[in-house]
Each structure stands twice: as structure tokens, then as C-alpha cells.
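Chemist: So you can see what is in the structure, the chains are spelled out below.
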Amino acid sequence: MASGAGFGKSVRRFGKRIAGARLDPYLVARVRFVLFVAALLVIAVAFVAGDDWFVRRFATYDWARDLGF
Amino acid sequence: MAMARSRNIGIGVIIVALAVVGFLVAMIMKSTGLMVFTGYGMLISVIIMLLTLGNPFFRLPVQVLSFGTHRLGIFRKLPGGWHAEIPRTSGVSCALNCQACELAWVGCPIGMMQRFVIENRFPFYILGVFLIFGVTLGRTVCGWLCPFGLLLDCVNKVCTHKYEPPNWLRVFKYVYIIGLVVLAAITAFVVYCRYACFGAMLGIFPYWLTWNTVGWVWLIYHLGVFAAYISLSYFTHGRAWCRYFCPLGGMLGLFAPFSLIRVKHDWKWCTDCKECVRICPMGLDPRKQNLMFRMECLNCGRCITMCKTGSLAYSTPFTLDVPSKTPTPEGVEA
Numbered sequence: 002m003a004s005g006a007g008f009g010k011s012v013r014r015f016g017k018r019i020a021g022a023r024l025d026p027y028l029v030a031r032v033r034f035v036l037f038v039a040a041l042l043v044i045a046v047a048f049v050a051g052d053d054w055f056v057r058r059f060a061t062y063d064w065a066r067d068l069g070f
Numbered sequence: 162m163a164m165a166r167s168r169n170i171g172i173g174v175i176i177v178a179l180a181v182v183g184f185l186v187a188m189i190m191k192s193t194g195l196m197v198f199t200g201y202g203m204l205i206s207v208i209i210m211l212l213t214l215g216n217p218f219f220r221l222p223v224q225v226l227s228f229g230t231h232r233l234g235i236f237r238k239l240p241g242g243w244h245a246e247i248p249r250t251s252g253v254s255c256a257l258n259c260q261a262c263e264l265a266w267v268g269c270p271i272g273m274m275q276r277f278v279i280e281n282r283f284p285f286y287i288l289g290v291f292l293i294f295g296v297t298l299g300r301t302v303c304g305w306l307c308p309f310g311l312l313l314d315c316v317n318k319v320c321t322h323k324y325e326p327p328n329w330l331r332v333f334k335y336v337y338i339i340g341l342v343v344l345a346a347i348t349a350f351v352v353y354c355r356y357a358c359f360g361a362m363l364g365i366f367p368y369w370l371t372w373n374t375v376g377w378v379w380l381i382y383h384l385g386v387f388a389a390y391i392s393l394s395y396f397t398h399g400r401a402w403c404r405y406f407c408p409l410g411g412m413l414g415l416f417a418p419f420s421l422i423r424v425k426h427d428w429k430w431c432t433d434c435k436e437c438v439r440i441c442p443m444g445l446d447p448r449k450q451n452l453m454f455r456m457e458c459l460n461c462g463r464c465i466t467m468c469k470t471g472s473l474a475y476s477t478p479f480t481l482d483v484p485s486k487t488p489t490p491e492g493v494e495a
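In order, the protein sequence lines correspond to chains A and B. Read in order, the letters of the first sequence are residues 2 to 70 in this note's numbering. Read in order, the letters of the second sequence are residues 162 to 495 in this note's numbering.
Because the hints were derived from the structure by calculation, they are not lab data. Among the clues, some could well be false.
[What the hints assert, rightly or not] Cβ-Cβ distance ranges computed for the label pairs, FRET-style: (1) I347/B to R31/A: 36 to 44 Å; (2) V38/A to R282/B: 18 to 26 Å; (3) L221/B to L28/A: 29 to 37 Å.
No residue lacks a Cβ here, since even glycine has one placed at the ideal position from N, Cα and C.
Take these sequences, add in the hints, and give me the full structure.
Modeler: Below, the structure is given as C-alpha cells:
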């Protein structure tokens, strides 16, 4: 029981530490650039993997019928 | 004046860049017949949002316009409407729930993510869309465009309750996302769209009015859940749905700390009056500028409007670090 309470306390402390962390502006700029490039790559992969066809089929799918409306 | 101009240039660079990229992507995708990048209603709202983002005064008109344009699909089914010319759903919505599927111009990324999981496919496209919007705008769309957000803001205008649930409950929306994906995989069904999506709740009533095919059970169910969400927001301070439940906001929040647009605080002019903390609909402290603030901030600009000393302002990587207003004598003395 005591170990459970201790674990909960350490989780809360870790959560507070993460939530209260301040981001270095240079790190933010670098990560932003990486994420932006990653976004373009992921979308490119999506089209290579044929997701565009899936999205197109999805886009014309009759949602209302499937959702019971 | 020169300081204000430098800020506007920063916002302007993002507006022009996003508009050009969005237009090119939309034209390329449309010309190749793959899909339309986003719906017309969404597109109109986004453009106006970007044009007025520098001034929080325009937020309410933009929200109202967004709410209206997301309801335009209703005219497709009316006599002489556009239903025959336009497919039911034109593509994936980049940042908003679809607003009731059957009336939607665009599909919801959460709904599509569930579809991908059901079909045993990794949602590359959805992840890319989240990344693009998260890195550029963060949760700005939640604060400026979300139709449900407009309703919650209206509820909070008349709300007298100020109960603040504990901050750790914000994690629930991520548990919610994981639960939705797992449920979709197990049941092979779009659980969120059918039982919990506020877009369906908002859209089912006009759908019921015009198409006459909605069963009473579904109408009552969706309106009941909708009332529950609204009640929750009524009894708590600010936007309870956005803080604890919205899966879309949660996904955008993951990338929001790295977004191009954010609210920045300068202690130099701050009088520590805490008006910004009191007004924040997300229950955040803009002065702290910590990770939680970056992930949760909707960029609604209420704190900027409320701040009398100009210590809060929109900031972009193209903006010089200057206050948005001329500091008052009180601010300088502090």
C-alpha cells in the first residue's frame, strides 16, 4: 500500500515536472523544422502507400448510412 | 508604431506562406483528381482567421462565420441545392471535427484515423495532416474556428460557476484517443463518430429537420449527450470539453509547443495582476510559458486583450520581441 502511494506520488511529481518544463527556443526551432520535414515525408509516404486512394474512397463514402442516421 | 508594424509583418509572413502553400496543395490535388484538400467552408474560415489573427477583436466574428459555413452543407439537400454537384465529403478536415458527417464538407481526422485502424492501415496521411497543422497553427483553430468552441464560449458568458478541476485530468483526452483507437481496432466500428462526437450532435438536428430520416432514438441520444457536454462546461470554468475530452485538440496539442504562432509573455511590463489567469478559458497561467501552457493554449487572445500593460502578445519566429502596446506608467513602475 505504501509503495503504491509512493508510486502515485512519484508519478504526480514527474507529471508536474514535465508540465512545468520550459522549452529552449533554439530547441523548439530545430524540432519545428524536423517536424515540418517529417510531415511532408509522412504525407509523401501516405501517397506512396496508396492512402490517397483510400482517402478518396472514404471521402465519397456514405457516412449517414453507416452511422444509422 | 514601428513595433506594432514589425509584429504585423511576422503574422503577415505566415499568412502569405500558408495561403500560397494551401492554394498550391489544393490545386495540385484537385488537378490530379486525388482529393480536395479541404472543404470550402473550412477554407473560407481559415483564410479569414489568418487575415485577422493579429487582432483578437475579430475572433467572435470569425467563430460565428466558421459556425455558419460548417452548417452550409444543409443546403445541399434542399430543393435546388448543390447536392448533386458536390460529393458528400470532399476530403479530410485538417483540424476540425466533420460536423455531422452527412452534412460535412470535409471528413474528421479522428473518424478517418479510426477507419484506417479498422482497415489495418497505418494512418500516414492523418498523421501528416496533424503534423502540418500542429507545427504551423497549433491549437489556434480550437480558439478561432471550432463551432463547438463558440457554443462553449457562449455558455461561459452566462456561467457563474467557477469550479476548477485538477490539472492532471487534462491527461484524460490522451487516454480517450488511445481508447478510441483500441476500440476501433477491437470492434471494427467508428465508435467515436456514432456515440460521442460533438459534430454529430451539432449536425443531427438540422439533418433531422431537412432529411427526415433520423430516428427519434438517435436524435434524443445525441441531443442528450450534447446537453451533458454543455452542462459540464456550465459547471466548470472555461472550456471543459477542450481541456479534458477533445481528441482533436489533444492531437494538435502534441505539436503545439513547436507551432509558429503562440502567445508570449514579457515580465518586464507585467504588474502581476493575474487578470490573464482569471480570463483564460483553459485555466492556464500565460505568465509561466511552460510546456503545459504551450500544449493547451488556444491562442484565443483573451489574455492579450485583458492585459493592460501589453506584456502579452502574439509571437511568431518572424516577430521581434516587443510588447504589443505601449506600456503604461504603472507597467513601467512595476
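Chemist: Would you say the C-beta atoms of I347/B and R31/A sit inside 36 to 44 Å of each other?
Modeler: Since the Cβ atoms of I347/B and R31/A sit about 39 Å apart, the hinted range of 36 to 44 Å holds.
Chemist: Regarding L221/B and L28/A, is the given constraint of 29 to 37 Å on their beta-carbon distance met?
Modeler: Given about 35 Å between the Cβ atoms, the range holds.
Chemist: Is 18 to 26 Å right for how far apart the beta carbons of V38/A and R282/B are?
Modeler: Holds, since V38/A and R282/B (Cβ atoms, about 23 Å apart) stay within the stated range.
Going through the hint list in order, the structure satisfies each hint without exception.
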